[in-house]
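Visitor: What follows is the residue order along each chain.
Protein chains: 2
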Amino acid sequence: MSETASYARTPRTTPTRYRDRATWERAEIHAVLDSAWLCHLGFTDEQGRPVVLPTIYARVGDRLYLHGSTGSRPLRTAGRSAGLPVCVTVTQVDALVLTKSAFNHSVNFRSVVAHGLAEQVTDPAELAVALDALVDQAVPGRAADCRPANTKELAQTAVIRLVLDEVSAKIRQDGADDDPADEQLPHWSGLVPVRTVYGAPQPHPGTTRELPGYLADFQPGGPRG
Amino acid sequence: MSETASYARTPRTTPTRYRDRATWERAEIHAVLDSAWLCHLGFTDEQGRPVVLPTIYARVGDRLYLHGSTGSRPLRTAGRSAGLPVCVTVTQVDALVLTKSAFNHSVNFRSVVAHGLAEQVTDPAELAVALDALVDQAVPGRAADCRPANTKELAQTAVIRLVLDEVSAKIRQDGADDDPADEQLPHWSGLVPVRTVYGAPQPHPGTTRELPGYLADFQPGGPRG
Numbered sequence: 001m002s003e004t005a006s007y008a009r010t011p012r013t014t015p016t017r018y019r020d021r022a023t024w025e026r027a028e029i030h031a032v033l034d035s036a037w038l039c040h041l042g043f044t045d046e047q048g049r050p051v052v053l054p055t056i057y058a059r060v061g062d063r064l065y066l067h068g069s070t071g072s073r074p075l076r077t078a079g080r081s082a083g084l085p086v087c088v089t090v091t092q093v094d095a096l097v098l099t100k101s102a103f104n105h106s107v108n109f110r111s112v113v114a115h116g117l118a119e120q121v122t123d124p125a126e127l128a129v130a131l132d133a134l135v136d137q138a139v140p141g142r143a144a145d146c147r148p149a150n151t152k153e154l155a156q157t158a159v160i161r162l163v164l165d166e167v168s169a170k171i172r173q174d175g176a177d178d179d180p181a182d183e184q185l186p187h188w189s190g191l192v193p194v195r196t197v198y199g200a201p202q203p204h205p206g207t208t209r210e211l212p213g214y215l216a217d218f219q220p221g222g223p224r225g
Numbered sequence: 001m002s003e004t005a006s007y008a009r010t011p012r013t014t015p016t017r018y019r020d021r022a023t024w025e026r027a028e029i030h031a032v033l034d035s036a037w038l039c040h041l042g043f044t045d046e047q048g049r050p051v052v053l054p055t056i057y058a059r060v061g062d063r064l065y066l067h068g069s070t071g072s073r074p075l076r077t078a079g080r081s082a083g084l085p086v087c088v089t090v091t092q093v094d095a096l097v098l099t100k101s102a103f104n105h106s107v108n109f110r111s112v113v114a115h116g117l118a119e120q121v122t123d124p125a126e127l128a129v130a131l132d133a134l135v136d137q138a139v140p141g142r143a144a145d146c147r148p149a150n151t152k153e154l155a156q157t158a159v160i161r162l163v164l165d166e167v168s169a170k171i172r173q174d175g176a177d178d179d180p181a182d183e184q185l186p187h188w189s190g191l192v193p194v195r196t197v198y199g200a201p202q203p204h205p206g207t208t209r210e211l212p213g214y215l216a217d218f219q220p221g222g223p224r225g
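As you go down the protein sequences, you meet chains A and B in turn. Positions 1 to 225 (UniProt numbering) are the ones given, in order, by the first sequence. Positions 1 to 225 (UniProt numbering) are the ones given, in order, by the second sequence.
Among these hints, one or two may not hold up.
Because identical chains cannot be distinguished in the list, a pair is counted as satisfied if it fits within a single copy or across any two copies.
Distance condition first, Cα-Cα at most 20 Å in a straight line; then the derived DMTMM-like pairs of lysine to aspartate or glutamate [as the list claims (entries may be wrong)]:
1. K152 / E126
2. K152 / D132
3. K152 / D123
Source of the hints: derived by calculation from the structure; they are not laboratory data.
Work the whole structure out from these sequences, hints included.
Guide: Structure (structure tokens):
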């Protein structure tokens with residue numbers, strides 16, 4: 001894949017609504033993906049019915065790696081040669097938007113929707129990269145400060161890869177814009193900021209080591225800026 | 001549907017992994033649903049490919065209402081008489097679980113996965129209930145303090161209903177349990193609490209009204225306990 005500034009638009013990455021909120025810019029999409037570590041993985045079951053499961057992911061260049069067990073349903077299916085059709089969605093909420101009319105209420109958010117065929121990672125070198133990335137996506141610096149998986153554990157771990165290709169982001173970062181006809185209504189309007197925060201780390205009773213530097217003042221998105 | 005204490009178990013609401021984390025208890029499932037207002041809606045497109053989109057929802061008894069536009073893809077499809085096969089997933093993250101081995105790293109979370117046929121709400125009385133619930137799910141008390149949708153706005157709004165029937169929750173609320181063989185390793189282990197918080201409401205410049213009581217000290221899940 002050439003390193004262009006944008007991913008290609010396709011019919012299914014072109015929203016039917018609020019098209020002005022959509023972007024295919026690589027940097028914007030990567031920024032949203034790098035700000036989170038939880039995604040919702042969509043696939044279809046044997047009867048063609050939709051299934052959506054939460055799981056952790058990591059981005060490495062133009063690849064998303066998703067964590068699973070070798071026994072889990074999507075992972076078993078992704079092991080097939082043709083790959084598993086998936087939709088991976090990441091959503092970050094930034095604010096509740098309260099307007100004077102119920103209709104104009106909204107949410108400020110950043111979301112990424114990626115479509116494609118997921119495949120199970122089988123190459124040991126790629127698997128090692130993916131597993132480190134999955135740990136570091138949530139806690140940057142952690143992969144180098146824990147025991148890597150041993151052979152038995154690796155056999156129980158499966159990772160699927162989705163190449164970012166058919167992907168878009170949708171971003172709303174606006175104010176509480178009331179309709180002109182509503183401006184005189186006696187209701188409060190404005191934004192309620194929403195954010196995810198991390199509390200003080202709680203050591204396991206068996207831990208003798210001091211809190212590592214990467215956990216001091218640790219907050220979402222912090223280490224990546 | 002009889003008001004039993006549990007939803008029925010079916011093959012697709014019985015996880016293949018960590019079955020001890022699963023529950024079909026109505027009260028537990030409702031508690032998870034009531035603690036959030038964002039879900040990920042999964043359906044399949046015309047080619048049978050999975051699509052996962054974030055949207056807001058509300059729970060009213062054994063019904064989930066999901067918000068959309070009449071022009072959006074899932075809503076158009078749900079207007080068909082047979083309903084739209086969907087999977088609605090709600091995920092709340094409570095902690096990062098850091099163990100001395102990479103393999104045992106985990107996440108404390110509460111999730112609900114609901115399957116079924118979604119239908120568009122067309123009865124005006126039910127639609128009014130659903131729209132109020134959608135506003136109040138995120139901001140309890142707000143529906144009574146804004147202008148309800150007018151006829152033109154109602155025509156642009158669509159709500160789909162999913163009856164809670166084939167639904168389960170999965171909950172992990174454990175510590176950072178290291179393998180006995182790992183306990184002497186020199187790595188930190190423990191929990192990093194994760195929570196969503198609301199910042200101070202930011203009034204729109206045009207707002208003259210004081211901050212309403214339901215927005216004072218407003219935090220996720222607060223009003224519901």
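Visitor: State whether the alpha carbon distance between K152 and D132 is at most 20 Å within one copy, between copies, both, or neither.
Guide: The answer is within: 17 Å in one copy meets 20 Å, while 52 Å across copies does not.
Visitor: Is it within, between, both, or neither for K152 and E126, if the alpha carbons may be no more than 20 Å apart?
Guide: within (18 Å within a copy, 54 Å between copies)
Visitor: Can you give me the call for K152 and D123, within, between, both or neither, at a CA distance of at most 20 Å?
Guide: Within one copy only: 16 Å inside, 57 Å across.
Comparing the model with each earlier hint shows no violations; every hint is respected.
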